[in-house]
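Visitor: So you can see what is in the structure, the chains are spelled out below.
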Amino acid sequence: MIINHPLLGPRDSAEFVYLGDASLLNRPDPETASPKDWHDYGYLRDNPAGDLRELWFHEGGDRSMLVVTRNTLTHDITSVALARDVALKLGAAL
Amino acid sequence: MHDLKPITALGGTEPRIDTIGGVSLTEKPGIAFASVTARRGHEDACRAHLADVLEGPAPGPGKCRLHDPEAAFWMGPDQWMAGAPIDSHEDLAAQLKTRMGETASITEQTDAWVCFDLQGDRMEDVVELLCNINIRAMKTGDATRTSIHHLGCFVLRRDPANWVRILGPRASAGSLHHALLTAMKSAL
Amino acid sequence: MTQINRLAGGQIDRHTTLNFTFDGKKYQGHAGDTLASALLANNVRLMGRSFKYHRPRGPLTAGSEEPNALVELRSGARQEPNTRATTAELFDGLQARSQNRFPSLKFDAMAINDRFSNFLTAGFYYKTFMWPAAFWEKIYEPIIRKAAGLGSLSMQEDPDQYDKGFRHCDVLIIGAGPSGLMAALTAARAGKEVILADEDFTFGGRLNSETHAINDNVATDWVASSIAELASLPNVRLMPRTTIIGAFDHGIYGAVERISDHLPIPPADKPRQILWRIYASRAILCAGATERPIAFENNDRPGIMLAGALRTYANRYGTTAAKRVAIFTNNDDGHRTASDLATKGVHIAAVVDTRPDAPSGHNYEVLKGAQIVNTMGRLGLTFAEVLQADGSTRMLECGALGVSGGWNPNVHLTCHQRGRPTWNGDLAAFVPGGTLPPGMTVAGAAMGDFSTHAALTSGTQAAATALGVKAVNVPLAEDAPIRQTPFWYVEGASRAWLDQQNDVTVKDVKLSHQEGFRSVEHLKRYTTLGMATDQGKTSNMGGLAIMAELAGKSIPEVGTTIFRPPYTATAIGVMGGRMRGKDFHPTRLTPSHDWAKERGAVFVEVGNWLRAQWFPIAGETHWRESVDREVTATRASVGVCDCTTLGKIDVQGVDAATFLNKIYCNGFAKLAVGKVRYGLMLREDGIAMDDGTAGRMADDHFIVTTTTANAARVYQHMEFVRQCLMPDADVQVISTTEAWAQYAVAGPNSRKLLQKIVDPEFDITNEGFPFMACGNITVCGGLRARLFRISFSGELAFEIAVPSRYGDALMRRLMSEGEEFDVTPYGTEALGVMRIEKGHAAGNELNGTTTALNLGMGRMVSKVKDSIGSKLSERAGLNEPDALMQVGIKPLDAEQKVTAGGHLMNEDGPVDAAHDQGYVTSAAFSPTMGSMIGLGFLKDGSNRTGEKMRLVSPVTDLTIEVEIVSAHFVDPEGERVRA
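Chains as they are written, first to last, in numbering that gives the first Met the number 0: chain A, 0 to 93; chain B, 0 to 187; chain C, 0 to 978.
Among the hints, erroneous ones may be present.
Counterexamples of contact, computed for chain B against chain A with all Cβ distances above 10 Å [what the hints assert, rightly or not]:
{"no.": "1", "residue": "GLU13"}
{"no.": "2", "residue": "ARG15"}
{"no.": "3", "residue": "HIS48"}
{"no.": "4", "residue": "LEU65"}
{"no.": "5", "residue": "MET74"}
{"no.": "6", "residue": "ASP120"}
{"no.": "7", "residue": "THR145"}
{"no.": "8", "residue": "HIS176"}
Here are the computed lysine-lysine pairs in the DSS-like style, where the Cα-Cα straight-line distance is at most 27 Å [to be verified]:
{"no.": "9", "chain 1": "B", "residue 1": "LYS96", "chain 2": "B", "residue 2": "LYS62"}
{"no.": "10", "chain 1": "C", "residue 1": "LYS367", "chain 2": "C", "residue 2": "LYS322"}
{"no.": "11", "chain 1": "C", "residue 1": "LYS674", "chain 2": "B", "residue 2": "LYS4"}
{"no.": "12", "chain 1": "B", "residue 1": "LYS27", "chain 2": "C", "residue 2": "LYS367"}
{"no.": "13", "chain 1": "C", "residue 1": "LYS896", "chain 2": "C", "residue 2": "LYS947"}
{"no.": "14", "chain 1": "B", "residue 1": "LYS27", "chain 2": "B", "residue 2": "LYS4"}
{"no.": "15", "chain 1": "C", "residue 1": "LYS862", "chain 2": "C", "residue 2": "LYS938"}
{"no.": "16", "chain 1": "A", "residue 1": "LYS88", "chain 2": "A", "residue 2": "LYS35"}
{"no.": "17", "chain 1": "C", "residue 1": "LYS596", "chain 2": "C", "residue 2": "LYS506"}
{"no.": "18", "chain 1": "C", "residue 1": "LYS862", "chain 2": "A", "residue 2": "LYS35"}
{"no.": "19", "chain 1": "B", "residue 1": "LYS62", "chain 2": "B", "residue 2": "LYS27"}
{"no.": "20", "chain 1": "C", "residue 1": "LYS322", "chain 2": "C", "residue 2": "LYS25"}
{"no.": "21", "chain 1": "C", "residue 1": "LYS864", "chain 2": "C", "residue 2": "LYS674"}
{"no.": "22", "chain 1": "C", "residue 1": "LYS751", "chain 2": "B", "residue 2": "LYS4"}
{"no.": "23", "chain 1": "C", "residue 1": "LYS269", "chain 2": "B", "residue 2": "LYS184"}
{"no.": "24", "chain 1": "C", "residue 1": "LYS25", "chain 2": "B", "residue 2": "LYS27"}
{"no.": "25", "chain 1": "A", "residue 1": "LYS35", "chain 2": "C", "residue 2": "LYS506"}
{"no.": "26", "chain 1": "C", "residue 1": "LYS581", "chain 2": "C", "residue 2": "LYS269"}
{"no.": "27", "chain 1": "C", "residue 1": "LYS24", "chain 2": "C", "residue 2": "LYS322"}
{"no.": "28", "chain 1": "C", "residue 1": "LYS581", "chain 2": "B", "residue 2": "LYS184"}
{"no.": "29", "chain 1": "B", "residue 1": "LYS184", "chain 2": "B", "residue 2": "LYS96"}
{"no.": "30", "chain 1": "C", "residue 1": "LYS674", "chain 2": "C", "residue 2": "LYS862"}
{"no.": "31", "chain 1": "C", "residue 1": "LYS669", "chain 2": "C", "residue 2": "LYS506"}
{"no.": "32", "chain 1": "C", "residue 1": "LYS674", "chain 2": "B", "residue 2": "LYS96"}
{"no.": "33", "chain 1": "C", "residue 1": "LYS552", "chain 2": "C", "residue 2": "LYS506"}
{"no.": "34", "chain 1": "B", "residue 1": "LYS27", "chain 2": "B", "residue 2": "LYS184"}
{"no.": "35", "chain 1": "A", "residue 1": "LYS88", "chain 2": "C", "residue 2": "LYS864"}
{"no.": "36", "chain 1": "C", "residue 1": "LYS596", "chain 2": "C", "residue 2": "LYS755"}
{"no.": "37", "chain 1": "B", "residue 1": "LYS96", "chain 2": "C", "residue 2": "LYS669"}
{"no.": "38", "chain 1": "C", "residue 1": "LYS105", "chain 2": "C", "residue 2": "LYS322"}
{"no.": "39", "chain 1": "C", "residue 1": "LYS105", "chain 2": "C", "residue 2": "LYS24"}
{"no.": "40", "chain 1": "C", "residue 1": "LYS938", "chain 2": "C", "residue 2": "LYS896"}
It is worth saying that the hints were derived from the structure and are not from the lab.
On a predicted model such as this, the values are computed, not experimentally measured, just so you know.
Every residue gets a Cβ at the ideal spot worked out from N, C-alpha and C, and that includes glycine.
Isolated chain A (complex conformation) (with noise of 0.2 Å):
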């Protein structure tokens, strides 16, 4: 497959490490999450047969995190962000 990497232009996946869904990015707020946030988090995921946000790692190239928009029936790829910009507007906290 080919990433179309927003810095980079179009890189091979082969370049990537595959991290699964993108929901890892949402993790809970520690202050407030209750037990039952922490185990979705932890081990839920969604499996579509269609669009699904993944994360991948640009480990042999610029060690970007990715979000990828990828179609799991087709493998079309309609979106490419880097993760850091994602978590920013999640307005993921320290």
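Use these hints to put chains B and C onto chain A, whose structure you have.
Guide: Leaving out everything else, chains B and C in the frame of chain A:
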């Protein structure tokens, strides 16, 4: 002055040179490296310092600034690798830290890498057997990280364009050299 | 007499005679021949035996779709089975052998299978070898393995080398026939980066097989001038002998280039083949078409082949399969073969055309509305029996029979991403349809554009449209109309072969239908139709058509199976490339590797690293002697161990301490500058991930060490936390593992040794540089170094790091300066023994199932701050009162052996999983304790010190009595490390 004798990444006291079919492969031990990463909120200042050192803009994604004595290539967002001759810049990291202060995190990288120059008219034929870079589209001043036989390497296209510099992990210098030499024998 | 079947003309070089052998017999051919064409020229039609029934077979085709003529090439380690004689380029000295026969090709004992064919029909394996289950492994499978299979392996290591490579282009053109050449000219003249690949060794595709004219000249002249133009352009790369084996995601194509297969052995240092990964923005598939046979009784005799193949042998290779040839066709293309052969002086026995309205021939007889109903000839065709339109039969004497059932577009690569071909009723064939791989366009015969004119036109138009460039002028060429009326098999035929390689007959398809295996996917698996090495290129269509007829459905209703990569059989060696043997993965060496080698070190692989395992000295005959000595000497005086391989990550930034607080379960914010702290990293689920130390070099600068094995993973985890969880923090991380050579100097005399090399302005006394201190120093008169006072061995110890290029020199200096202390280099075994003696957890304990609590570090998990894993480590299930706790294990009898992996059982009671109390993770002989000792996890272990237990290992048949002790066998109070 200490009296310890350095060895090259390939383990010799002198750099190794191989030539096959008009293409040469030269181990380059004489370069000091330091990574420069902008501190949060100081990105512009860091870039300005770097531009000052390089006498030209800090390179953007996929690019390097070929310049003497200091040069640099882009490694990642707000991150560069600077290089300079070790004879004059053995303490490159310290020099840069002094200059850039709180605007950047500087890490000494001199001995983290083995550096090879691959040069000759059919250099592209060799690179094609090594990594997925589109070497024929790569121009002087382009720099990219790639994987050569499972080793994370940087490839910089220099001037003249029949010349690439390859930085690979120092501990695997022998494996990288073997891979480069094997590809040269195969392609040339 | 040699080459009695040679005809005039062709593209062979008659001035170059090549000698070769087949089954030991000597023959001659010419440059430009394939093995099959040379054998046919020598009147050899019998080239192999079929897979199941061992039927005598000759070539069916003249290309890579060949099911029958599979041979072994070369000898010794280079022996290669299942090579298609129809594509193997002839070279001088080629040795070829037939396969799947015993004792000889002409008399094959296993041909008895043919007599029992009633028992060996579709589903034979499923029906016969069902019962009893115990028979499978010992009886059925060995018998089947012996009987089945085609060629044999040399059982020697492949002496050839293979490369992998990477190429990029604007457009990849697959196939260099008329459409491919036109597409290439169109793209190339527009300045696009073009790769033109063809599996053949000669460009031109089908034009090489025909007598067509292009622009009133022979077509091959046009091919030659087109190739010359393309070769002159810097933006074009021509890749003959290159098969595109797969169309992968997003325009990535796999290509196998055969560099040396046409040579006796590859030139020195050159690969046999290269597996190219081609990145193509666009691809134009110009793969042509494959002729399809008609099934009739005994249609598999040597000499019976596709009509188009006979034409290829005649026009391209200047050879005929026999002096008298008959043709059986349902379309006009069959007549072309008759006409071309007749022109070259071959006697045409007759053209048997199934169509009552078939055209007449000017130089051959046509039997209209007739069919071939049987053939004769045990090892090669002698007669064909024709049922004529009037119901009478007639015997045709012929040594070869060309069969044409029409042509199927080569849609294979369009299916590699699950695209399903669609039925074209006009052509009575499947054509590319549905969803093509992104970026792919199909042109020429592969798209159903069968006439030369149509193929040329569609080639340039496809390229022009795909690339947005101008089409080029189409040269003049024949544009005969295509009439393909389906005719799949002769009524009443049963032993009529569809899939000749897997011996699937019309009868098998009928049986499959009768037994309910009617979907095309079931049909394929039940009969093995299309599952041979040729993927059914010549056979699938016939099987589908018969199934459709039996099911009373149309062919599109029944559908088709699709194709997978690789397009043709591919050597496994080329998939591996150079990554084999010691080059399977890169090797990492520490800077003092050569020094260790000089000392006679025995090395062990740790990930990619080679680490010294121990350093034997004269007189030592067993590794234990070396290891015991290294441990004892270190604990008595001083030892040095290379710990360069530990991961070293530079963490900087205003928020560096906050970041480490998040990464480690214990606190780092309050760590003073110049101090090191042990840190335990958890996964988010509360399980321990890695441990190590972090030294604070400045308020905003830490040096983190990781275990050797987890360095890359910890770095990745840090990048995840930094970019995804703390995106607005000021933290920078970068690996420096290889920048520094690092050595542990351990033992009561370690300080004294270091004082001899550390420059005097640095105070490393216990007061000036206490336990867990760290700092930048210089050594040997000014070399920059880093010193950490940390201990894995439990002794007074330091770790000293210098720039890697000085590691070798530093090690040698430590050895020479340490002579007065009998300094001892020690390897990873002694390191392991000492850490077990000290009770330090390592990879065996951080094994992916253990928590901080299990490791005896439960209280380290800070409650006052959030860290990765802190919340989920609080789960009740991980905090049961009888949770596993790390303990030490000592045998009651010092002679007894403690083994890692053994389980702890109570002193009395049953030994079973239900009564399991825990397990041993690490064990070693401790020279300090004088017995083997172990570390392990025991339920409620921290409250069971002194308890006697049984250590059992049913696997090694071990049961010994042990005592549970503190995990800290040596210096439990930690006095030595603080000395």
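Visitor: Next, verify each hint and record whether it holds.
Guide: Hint check:
1. B/GLU13, annotated as away from the interface, keeps every beta carbon of chain A farther than 10 Å; the closest lies near 32 Å.
2. The Cβ of B/ARG15 sits about 26 Å from the closest Cβ of chain A, beyond the 10 Å cut-off, so the non-interface label holds.
3. With 10 Å as the threshold on Cβ separation, the claim that B/HIS48 sits away from chain A holds: the shortest Cβ distance comes to roughly 21 Å.
4. With a least beta-carbon separation of about 20 Å from chain A, B/LEU65 lies farther than 10 Å from that chain, consistent with its non-interface assignment.
5. Its beta-carbon lying about 7 Å from the closest one in chain A, B/MET74 breaks the requirement of being farther than 10 Å from that chain.
6. Consistency note on B/ASP120: stated as away from chain A, and its beta-carbon is indeed over 10 Å from all of that chain's, at 27 Å minimum.
7. Look at B/THR145: its CB is around 7 Å from the nearest CB on chain A, not clear of 10 Å, so calling it non-interface is violated.
8. In this structure B/HIS176 is separated from chain A by more than 10 Å, as the shortest Cβ-Cβ distance comes to about 20 Å.
9. Our distance criterion of 27 Å between C-alpha atoms is met by B/LYS96 and B/LYS62, whose separation comes to about 23 Å.
10. Only pairs whose Cα atoms come within 27 Å are accepted, and C/LYS367 paired with C/LYS322 is accepted, the gap being roughly 23 Å.
11. A hinted pair counts as satisfied when its Cα atoms are at most 27 Å apart, and C/LYS674 with B/LYS4 does not qualify at roughly 30 Å.
12. For the proposed pair B/LYS27 and C/LYS367, the alpha carbon gap of about 79 Å is over 27 Å, so the pair is violated.
13. Restraint check for C/LYS896 and C/LYS947: the C-alpha separation of about 16 Å stays at or below 27 Å, so the hint holds.
14. Restraint check for B/LYS27 and B/LYS4: the C-alpha separation of about 17 Å stays at or below 27 Å, so the hint holds.
15. With a CA separation close to 24 Å, the supplied pair C/LYS862 and C/LYS938 stays within the 27 Å bound.
16. With a CA separation close to 24 Å, the supplied pair A/LYS88 and A/LYS35 stays within the 27 Å bound.
17. At most 27 Å may separate the alpha-carbon atoms for a hinted pair to count; C/LYS596 and C/LYS506 exceed this at roughly 69 Å.
18. The suggested pairing of C/LYS862 with A/LYS35 holds, with an alpha-carbon distance near 19 Å, which does not exceed 27 Å.
19. With a C-alpha separation of about 21 Å, the suggested pairing of B/LYS62 with B/LYS27 holds against the 27 Å cut-off.
20. Between the alpha carbons of C/LYS322 and C/LYS25 the distance comes to roughly 22 Å, so the proposed pair stays at or under 27 Å and holds.
21. Between the alpha carbons of C/LYS864 and C/LYS674 the distance comes to roughly 21 Å, so the proposed pair stays at or under 27 Å and holds.
22. This hinted pair checks out: C/LYS751 and B/LYS4 have alpha carbons roughly 23 Å apart, not beyond 27 Å.
23. In summary, the hint linking C/LYS269 to B/LYS184 is supported, as the alpha carbons are separated by about 7 Å, within the 27 Å threshold.
24. At roughly 56 Å between alpha-carbon atoms, C/LYS25 and B/LYS27 are farther apart than 27 Å, so this suggested pair is violated.
25. A threshold of 27 Å between alpha carbons decides the hint, and for A/LYS35 with C/LYS506 the separation of about 62 Å lies outside it, so the pair is violated.
26. Pair hint C/LYS581 plus C/LYS269 holds up; C-alpha atoms about 19 Å apart against a cutoff of 27 Å.
27. Only pairs whose Cα atoms come within 27 Å are accepted, and C/LYS24 paired with C/LYS322 is accepted, the gap being roughly 22 Å.
28. Proximity of C/LYS581 to B/LYS184 is assessed by CA-CA distance (about 19 Å); at most 27 Å being required, the pair is judged to hold.
29. Distance restraint check for B/LYS184 and B/LYS96: the Cα-Cα separation of roughly 43 Å exceeds the 27 Å cut-off, and the hinted pair is therefore not satisfied.
30. Distance check on the hinted pair: C/LYS674 and C/LYS862 sit about 23 Å apart at the alpha-carbon level, within 27 Å; holds.
31. At roughly 83 Å between alpha-carbon atoms, C/LYS669 and C/LYS506 are farther apart than 27 Å, so this suggested pair is violated.
32. A distance of roughly 22 Å separates the Cα atoms of C/LYS674 and B/LYS96; the hinted pair therefore holds under the 27 Å criterion.
33. For a cut-off of 27 Å, the pair hint linking C/LYS552 to C/LYS506 stands: about 19 Å separates their Cα positions.
34. This hinted pair checks out: B/LYS27 and B/LYS184 have alpha carbons roughly 21 Å apart, not beyond 27 Å.
35. Proposed proximity of A/LYS88 and C/LYS864 is supported: the alpha carbons are some 24 Å apart, at most 27 Å.
36. At roughly 25 Å between alpha-carbon atoms, C/LYS596 and C/LYS755 fall within 27 Å of each other, so this suggested pair holds.
37. Taking the CA atoms of B/LYS96 and C/LYS669, the gap is about 25 Å. The hint holds against a cut of 27 Å.
38. Note on C/LYS105 and C/LYS322: the hinted pairing holds, with a Cα-Cα distance of about 22 Å set against a maximum of 27 Å.
39. The suggested pairing of C/LYS105 with C/LYS24 holds, with an alpha-carbon distance near 13 Å, which does not exceed 27 Å.
40. Our distance criterion of 27 Å between C-alpha atoms is met by C/LYS938 and C/LYS896, whose separation comes to about 22 Å.
Figure legend: structure checked against the earlier numbered hints; hints not met, in rising order: 5, 7, 11, 12, 17, 24, 25, 29, 31.
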